[in-house]
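Engineer: One letter stands for each residue in the lines below.
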Amino acid sequence: MTPEQKGFLLLSVVKMLVVFTALMVVVALLTLAERKVSAWMQNRIGPNRTGPGGLLQPAADGLKNFLKEETTPALATTPIFLLAPALAFIPALMLSCVIPFAAPLPVDFDVTWPLLGQIAYHGALPMAVTDLPIGFLFVLAISSMGVYGIALAGWSSNSKYALLGGLRASAQMISYEVAMGLSLIPVLLMTGNVRFSEIVRTQQDGLPLVLPLFLSFFVYLISGFAETSRLPFDMPEAESELVAGYHAEYSSMKFSMFFIAEYANVTTICMMVATLFFGGWDIPFTSWDEQGGVLQTLATFLVFVLKTGFWVFFVMWIRWTLPRFRYDQLMALGWKFLMPLALAYIVVIAVTLWGLDTALPDGSPVLKSSVLALLNVVLGAVVFFGLDRGTLLGRPSGPGRPTSRPATVRS
Amino acid sequence: MAIGVKVMTRPGKEVSYLRATLKGMALTFKHITQPSVTMQYPEQKSTNEWTVASRWRGTHRMLTDEQGRAKCVACGLCPQICPANCIKLVPGEDEQGNRYPLIYEIDEFRCVFCGYCQEVCPEEAIHVGVHYENAEYSRDRFVYDLERLTSQTHAVSTLWDPADPKGQ
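In order, the protein sequence lines correspond to chains D and X. Just remember that this note's numbering sits 771 ahead of the position in the first sequence, which is counted from 1. Just remember that this note's numbering sits 135 ahead of the position in the second sequence, which is counted from 1.
Since the hints were derived computationally from the structure, they do not count as laboratory data. Keep in mind that a hint or two might mislead.
Dumping the calculated DMTMM-like pairs for lysine to aspartate or glutamate here, alpha-carbon to alpha-carbon at most 25 angstroms [what the hints assert, rightly or not]:
(1) X:LYS180 to X:GLU243
(2) X:LYS141 to D:ASP1099
(3) D:LYS807 to X:GLU184
(4) X:LYS158 to D:GLU805
(5) X:LYS158 to D:ASP1159
(6) X:LYS165 to D:GLU805
(7) D:LYS807 to X:GLU178
(8) X:LYS165 to D:ASP1159
Pulled from the structure, derived: some chain X residues nowhere near chain D, Cβ distances all over 10 angstroms [said to hold, decoys possible]:
(9) ILE216
(10) LYS223
(11) ASN269
Note that beta-carbon positions come from the ideal geometry of N, C-alpha and C, so glycine has one too.
Take the sequences, apply the hints, and build the full model.
Structural biologist: The structure is reproduced here in structure tokens:
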């Protein structure tokens, strides 16, 4: 192995450890943040007894979960029952490894260590565990794996509530994955790449993609809510209907793993939104952050954390604002509104981009983005008006609107 | 007999999904900026907005006279009226013929805190108290004997609001 390969390997392992640790800490803090935000929104204080301002509450919760009794239902399919939390947990953690969280760090070292020998690394170190060439396709693919854990958990628990929860989860995730995948195609059309670093670079040159691709962002955000089964789409674990849904039979750390997976998914969705639509680690309106340096890496990391943090707050904000959807409304929104909208939007964006490339072959990216942004204002207004009035959602199906008089019942 | 089902037509024009969502989000955000109403209980036991009512009926107190003896004359009215039958009274009599309680025990677990004992007491001896922190390590500690009843110092219940005795 050459010293460069060794250096790459070593730095990758270090990055993995750092990202994994950071993610677990973030997840722990998110459980606290969720409770705090909900408390603030209800004029309460929230957990404030353990540690300064309640900061040690996640640790206390974690300890409690470790010490609780692990139960397995007598009629559960034990191997799958044991496997399911891991199947939900691992993909959730894998997702975060492709998202760049800071500007590349210039690294230049050449040392000789005992046992390892000569280790060297020269050049910019991408601040993601790996800057995969398949970028967000990887995220889409792996996030779909998470549904296996949930569906199998529901199935193997041998409980009606859990089964219904798992069933709902799989139906919901499959439905919204379609809209989610389609909503990212305009991003691909704009940037011409699925690699995260390239997407960030495109946004540095032009505008953040939320402006030219607002409707994509909108669809992606809603699908993201549904994918992570957060309120208002938390049908898989609807407390008032299904006790706790797919994890009704789980206790102790196995339950905790589903919990961690959910929050890791929320973090990933928020990081994706920040990266794909809000310029990732890029500091807007300045090119100082692109010069490369330790300070730049730190500053861009901070900006990335802020952007992600805002969207995490947004997720919680929505959660404590909206009630749960009815299941048929959820399906109608996914299939009858978001998917056609995403499809139509692909066509519109493709045509506009082709038109712009033909009309302004050497127009700057900012100009093209601005034209698209203007287009989005118009489209957005139309879609929002239609959505607001409910005309785009179509007629509600189900028992809400019988077509004829109900049959008379003799008593 | 047909079951009458009223079929509602869905509202059309006045429907609002997004505006209602945004309105709701504005509302929840407004609440973040508002001060919290939580009372920090163990440190803070009452606020300007909330105090324990003077009519609160909690664990009992036996009032004492100047010599520190219980005012009780062991007339037996309170065990008689007690709906939960939680008062145990064994009367005694001293040389001057004054009756006093030999044993006076209240089982606070059986007590329903109706306050009849206080109402019926001719000597204003037994009272229900304005008190709610009653945690103990064992069940038998909840049978309060005479010594415990006389040594407690919390406020006694007024049973009715002195400003509004008829509850109007």
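Engineer: Decide, hint by hint, whether the structure agrees.
Structural biologist: Now for the hints, and whether the structure bears them out:
Proposed proximity of LYS180 of chain X and GLU243 of chain X is supported: the alpha carbons are some 23 angstroms apart, at most 25 angstroms. Only pairs whose Cα atoms come within 25 angstroms are accepted, and LYS141 of chain X paired with ASP1099 of chain D is accepted, the gap being roughly 21 angstroms. With a C-alpha separation of about 24 angstroms, the suggested pairing of LYS807 of chain D with GLU184 of chain X holds against the 25 angstroms cut-off. At roughly 21 angstroms between alpha-carbon atoms, LYS158 of chain X and GLU805 of chain D fall within 25 angstroms of each other, so this suggested pair holds.
A C-alpha spacing of about 12 angstroms is found between LYS158 of chain X and ASP1159 of chain D, which places the hinted pair at or below 25 angstroms, so the restraint holds. Taking the CA atoms of LYS165 of chain X and GLU805 of chain D, the gap is about 17 angstroms. The hint holds against a cut of 25 angstroms. With a C-alpha separation of about 21 angstroms, the suggested pairing of LYS807 of chain D with GLU178 of chain X holds against the 25 angstroms cut-off. With a CA separation close to 23 angstroms, the supplied pair LYS165 of chain X and ASP1159 of chain D stays within the 25 angstroms bound.
Even its closest Cβ contact with chain D, about 43 angstroms, leaves ILE216 of chain X beyond 10 angstroms, as expected for a residue assigned away from the interface. Residue-level check passed: LYS223 of chain X sits 41 angstroms from the nearest beta carbon of chain D, beyond 10 angstroms. With a least CB separation of 22 angstroms from chain D, ASN269 of chain X remains clear of the 10 angstroms interface cut-off, as annotated.
Figure legend: structure checked against the earlier numbered hints; every hint is met.
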